[in-house]
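There are 2 protein chains.
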Amino acid sequence: MTVKQLPLPELVAACAESGVSRVGLWREPVQAYGVEAAAGLVRDAGLTVTTLCRGGFLTAIDPAARAAALSDNRRAVEEAATLGTDTLVLVCGGLPAGSRDLHGARERIADALAELGPYAEDHGVRLAIEPLHPMYAADRCVVSTLAQALDLAERLPAHQVGVTVDTYHVWWDDQAPAQIARAGATGRIHAFQLADWTTPLPEGVLNGRGQLGDGAIDMREWLGHVDAAGYTGPIEVELFNDGLWARDGREVLAETAARFVTHVG
Amino acid sequence: MTVKQLPLPELVAACAESGVSRVGLWREPVQAYGVEAAAGLVRDAGLTVTTLCRGGFLTAIDPAARAAALSDNRRAVEEAATLGTDTLVLVCGGLPAGSRDLHGARERIADALAELGPYAEDHGVRLAIEPLHPMYAADRCVVSTLAQALDLAERLPAHQVGVTVDTYHVWWDDQAPAQIARAGATGRIHAFQLADWTTPLPEGVLNGRGQLGDGAIDMREWLGHVDAAGYTGPIEVELFNDGLWARDGREVLAETAARFVTHVG
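Heads up: the protein sequence lines correspond to chains A and B, in order.
Residue numbers for the first sequence follow the UniProt record's numbering, beginning at 1 and rising by one.
Residue numbers for the second sequence follow the UniProt record's numbering, beginning at 1 and rising by one.
So that you can see chain A by itself, here it is in the shape it has in the complex (with noise of 0.2 Å):
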């Protein structure tokens, strides 16, 4: 998502020009290419797929629409099945239209998660339950903490469900460390993510997340907490950013390999 303006072939030249060698996709660019032959790109470029992004939205009342949103997610199941990756990374959903009940949705999204870790583990995946920061707890997510992933992840095996640790999300909780190692205890810290704070946001508040070292969170501050928790998994860059989308695809995965290496590695 940091270089969508990159087509997934682009994508796969510009990973191997800059020594990146794994990479997280999205799913509507890999359904626009075809699943099969997306994971066939991706395989014979040497790249291995990090997680898939993203699954949820599994707050809906209405028994069409949630039966829609859980029939979307197996399928995303399959794709990350398709695509090789064990990880895919859920955006849960904010209320419904009307409502004000943010427990309720909470209790649906684990009724969801109910059906979905058993279909999941089926297909060797991994659900990654991302708290989203609480700027979007009406209309995007209304899990807003790792605390709250966490009360949710637990109800089910860790090999089922887990957490991303997104820095923008979580980095002004100062319960957040405490958290990571909770999860980690527990083998549930299922994917770690980096963007950067900066300020003014923008309007809609979607597409302002900063590049590494642009912003107000100590990376490595946060990757030590990972790493104390005992996590060696991947790590992703994920920047939404409109600046970032106008620029030349290739020189933006560039910079973000450089700002990697003097902000976290």
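Read the hints as simulated data drawn from the structure, not as lab findings.
Computed from a predicted model, the values in this text were never measured in an experiment.
Glycine residues also receive a C-beta, built at the ideal position from the N, C-alpha and C atoms.
One should not assume that every hint holds.
Stated by the list, open to error - Residues from chain A shown here face chain B by an in silico Cβ test under 8 Å; the list is partial:
1) R100
2) A138
3) D174
4) E203
5) I217
Let chain A serve as the given structure and place chain B on it in line with the hints.
Same frame as chain A, now just chain B:
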């Protein structure tokens, strides 16, 4: 602030028209009008001042900036006393330029409170730390939750330092109800403010607070939480909203009073 388009004399008249007998004031218009004059204006109209907003911004590292902030907060305490309110709301400040140290910033706030708390007590004023929504953690307030605010407040006596509960800032937090109970148990709910959460958020995320009933927050639920915690003080409606500010202030005040009856009263 909900009707900041109204100069103080018009605000006072509009309150009388709308049956509003208590008003929260902000420092800037009070200073512009003259603090003594404003106190007389409000008193002569039979209005009570609920709170003065705002002191705070206590995170500076630079000694001169820090001394200036402390001095300004002492002045804010004096203004509150002159206006006849016992409560000064604090917005504690963001990260200094270039800093990534949230913990250090919070400790500097604690140090400042240790100086300001006794000064406030001497003037019959209580400080009310307002946790701001985590989307303001970098540039406005490193105190993002009621738990963090209480951790700071509890270092000093309750009659010196407590917290402000504002629905806009805490509604997403499943720990907030328990923290409201914690605050109530030690007499530390010093202010209670309402605003609704509407999306999409505007650029800069400052002036998009929703009119009561327009958004995702169940006002009666939060009133129930502070009620159960023993809070019997005033309830303020504080809307930063470009749309409301562009309208006739008296009309907005009347509308807000009506919304209050529908969604809270």
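Problem set entry | Restraint outcome when A/E203 is required to lie within 8 Å of chain B by C-beta distance | holds (4 Å)
Exercise. Does the CB of A/D174 sit less than 8 Å away from some CB of chain B?
Worked result: holds (6 Å)
For this session: Mind checking the CB of A/R100 against every CB in chain B and telling me if the closest is under 8 Å?
Result: holds (4 Å)
Exercise. When the nearest CB of chain B is found for A/I217, is that gap smaller than 8 Å?
Worked result: holds (6 Å)
For this session: For the hint on A/A138, just tell me whether its beta-carbon gets within less than 8 Å of chain B.
Result: holds (4 Å)
Checked against the numbered hints given earlier, the structure satisfies every one of them.
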